[in-house]
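Trainee: For the protein sequence lines, the chains are A and B, in the order given. Throughout, my numbering is defined as the position within the first sequence, counted from one, plus 3. Throughout, my numbering is defined as the position within the second sequence, counted from one, plus 3.
A portion of the hints provided could be inaccurate.
Pairs count within a copy or across copies, as identical chains cannot be separated in the list.
[As the list claims (entries may be wrong)] Below, computed lysine to aspartate or glutamate pairings styled on EDC-like, alpha-carbon distance capped at 16 Å:
no.	residue 1	residue 2
1	Lys265	Asp220
2	Lys80	Asp287
3	Lys194	Asp287
4	Lys324	Asp287
5	Lys297	Glu259
Keep in mind that the hints were calculated from the coordinates and are not lab data.
2 protein chains.
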Amino acid sequence: MPEISQIRFPGAQARRFVAAAMEKLGLPPADAAIVAELMTEAELQGSDGHGLIRLAPYARRIKAGGVNVRPNIRVVKEKAAMALLDGDNGMGHLVMQRAAQIAIEKARNCGVAWVGARLSNHAGPASLYARMPLAHDMIGMYYAVGNANHLPPWGGLDMLLSTNPIAVAVPAGEEPPVVLDMATTVAAYGKVKAKAQRGEQMPVGWMIDRQGNPLTDPKRSEEGFLMPIGGYKGYGLAMIVGLLAGTLNGAAMGSETIDFNKDHASVTNTGQAIVAIDPNAFGDIDEFKARVDKLVRELRASERMPGVERIWMPGEQSHAKRTASERDGLALSPALLAQLDTVAHDLGIPNLQET
Amino acid sequence: MPEISQIRFPGAQARRFVAAAMEKLGLPPADAAIVAELMTEAELQGSDGHGLIRLAPYARRIKAGGVNVRPNIRVVKEKAAMALLDGDNGMGHLVMQRAAQIAIEKARNCGVAWVGARLSNHAGPASLYARMPLAHDMIGMYYAVGNANHLPPWGGLDMLLSTNPIAVAVPAGEEPPVVLDMATTVAAYGKVKAKAQRGEQMPVGWMIDRQGNPLTDPKRSEEGFLMPIGGYKGYGLAMIVGLLAGTLNGAAMGSETIDFNKDHASVTNTGQAIVAIDPNAFGDIDEFKARVDKLVRELRASERMPGVERIWMPGEQSHAKRTASERDGLALSPALLAQLDTVAHDLGIPNLQET
């Protein structure tokens with residue numbers, strides 16, 4: 004675990020800081036506030052790889068002209084239960100928040116709705132958007148094409164696929180919502196980088212080398228690939244998610260994907276999709292939520308394997324983290340604080356501590 | 004591999020035989036023909052665990068009164084882009100063929116549609132239904148709650164989840180459609196039984212015992228559980244699929260699941276769902292198909308690992324099998340032929356060879 008600073012920051016302070024940075028980078032205040040809200044939300048729920056750590060790379064890309072800070076996000080195709088958004092190369096957070104709003108509205112009328120986006124950008128953790136319908140007592144699903152390819156087709160060597168994530172959020176009654184947020188690879192690439200930083204070996208199963216042998220030294224990660232979950236099944240899932248979130252929307256997929264770690268200026272044409280499902284169309288919403296509660300409690304009460312202290316539901320740990328960090332504030336590592344100080348200095352705004 | 008008979012049966016002969024059996028079991032001729040068509044289709048595409056091998060257990064369940072042979076399958080909830088079917092405990096094939104028809108019709112108007120079912124039954128391979136929208140140039144998705152629990156929650160010992168499958172079918176242009184059909188476990192339970200029959204060991208990763216150690220002797224399979232793909236990720240996926248296909252529809256989930264191998268008479272209240280997405284709502288269908296072709300060709304042309312002869316797309320092997328078995332007829336194992344002979348004898352109908 005990285006060292007954690009003693010200082011804790013209320014979410015509101017982080018929000019103000021990110022909003023100030025985004026405004027300074029050229030976003031209109033209302034848009035800066037949305038991006039700040041969602042990036043802070045990611046940090047609060049413990050998606051630290053998608054939270055404040057992204058401010059520096061977002062700032063770098065915006066300065067390089069790789070993101071349109073004043074996009075005209077618009078519906079280019081529409082039917083009763085679907086819409087296709089052109090994100091006009093704006094921040095992905097803005098595009099997908101809009102997509103979620105449209106999906107929720109259409110699902111209220113039609114029972115279900117699907118909204119895709121092209122010309123979007125990285126939008127943070129998938130669960131942020133899958134969770135948006137929850138406030139309307141709806142189920143949310145989210146698919147995205149990742150912004151760097153780390154996965155070859157099964158049996159292949161060319162990295163043509165990304166860790167294309169899936170997130171699904173299901174409302175419960177008294178229990179926290181069930182929120183699955185998963186990459187289609189065994190480990191996300193960020194976990195490999197973290198192992199390398201700490202000088203640790205990776206477990207067998209995370210990566211393989213070009214001969215198909217297990218690769219466990221994270222310093223050699225450039226010599227191999229991430230393993231898809233369930234082998235060829237995860238490969239198929241990554242491809243399908245890419246077809247639904249990318250190809251269907253006319254967004255980048257396969258070799259068209261821009262590696263946003265290496266290319267800061269090209270339009271990524273990122274594709275994402277959100278689905279909203281209204282359980283109230285299928286029956287009484289309270290009965291549905293009671294059935295979800297019953298299932299959650301039954302799974303949690305299962306007899307446990309030796310050494311297992313608790314059975315967790317998908318998203319339950321993030322939910323607990325969010326509750327704790329809202330109460331106690333955000334604990335940020337000294338490395339992240341230093342990075343945020345650099346961003347503040349470069350932009351000529353007060354740093355997080357002074358915001 | 005099981006021994007294969009020299010005799011090959013045209014698909015049409017298998018269809019006539021299954022239809023005769025279903026009629027004799029009490030299904031109206033039109034319904035018997037649909038079930039026969041879909042069971043034969045499963046066999047033709049190589050889903051042999053879901054094809055003709057199911058005739059004997061279906062017959063047993065129908066005779067035990069576990070299936071309604073004259074169901075009143077009806078829409079009980081409906082909005083522009085969704086419907087909920089009550090299958091009235093009919094054969095799952097009839098319920099889900101009807102669900103697919105409704106989803107396709109609604110997606111044509113709304114762009115996307117979702118149709119769930121409760122009080123359905125086992126319907127064969129998931130891909131059969133995901134593929135139905137393909138004939139209408141649409142994408143199909145299918146979710147189902149499996150009919151026997153083989154999976155505990157992650158870290159648990161109580162088998163409360165099934166191998167709940169997901170299938171997605173995406174139309175292509177000149178290439179075969181991309182068809183993913185996967186259980187959320189590393190291996191399906193049928194594969195474990197096949198290993199036991201052949202006296203072979205299972206690879207590490209298929210099953211674990213109650214202490215969490217790898218279980219590789221398929222004869223000891225009752226002492227352990229199937230492993231979900233990607234560990235806790237596959238557990239989450241199995242739960243989410245169950246929530247979408249079961250809980251949302253008011254169908255059985257968790258401890259409510261009836262094990263259809265052990266209980267032949269109780270109503271299973273099986274839940275399934277199908278989604279149809281019309282790519283023509285998102286843009287020009289031919290352009291979409293051309294983009295799918297481009298992606299397929301790019302993945303297939305990837306440099307390969309040593310020893311890998313070909314990179315396969317999801318569903319490409321089933322597609323090739325279907326083409327071959329339509330041309331050459333179905334090759335059935337002597338064990339399966341003997342089983343079908345017994346069914347024919349019990350029902351007093353001509354056996355497959357004489358049909």
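Trainee: Next, verify each hint and record whether it holds.
Mentor: Going down the list of hints, with the structure as the test:
For the homomeric pair lysine 265 and aspartate 220, neither the shortest alpha-carbon distance inside one copy (23 Å) nor that between copies (48 Å) is at most 16 Å. Proximity of lysine 80 to aspartate 287 under the C-alpha cut-off of 16 Å is restricted to the inter-copy arrangement: shortest distance 11 Å between copies versus 32 Å within a copy. Taking the closest pair of Cα atoms, lysine 194 and aspartate 287 never come within 16 Å of each other, the shortest separation being 42 Å inside a single copy and 40 Å across copies. Taking the shortest alpha-carbon separations for lysine 324 and aspartate 287, neither the intra-copy value of 31 Å nor the inter-copy value of 45 Å comes in at or below 16 Å.
In this assembly of identical chains, lysine 297 and glutamate 259 lie within 16 Å of each other by CA distance solely across copies; the values are 11 Å between and 45 Å within a copy.
Checked against the numbered hints given earlier, this structure breaks hints 1, 3 and 4; the rest are met.
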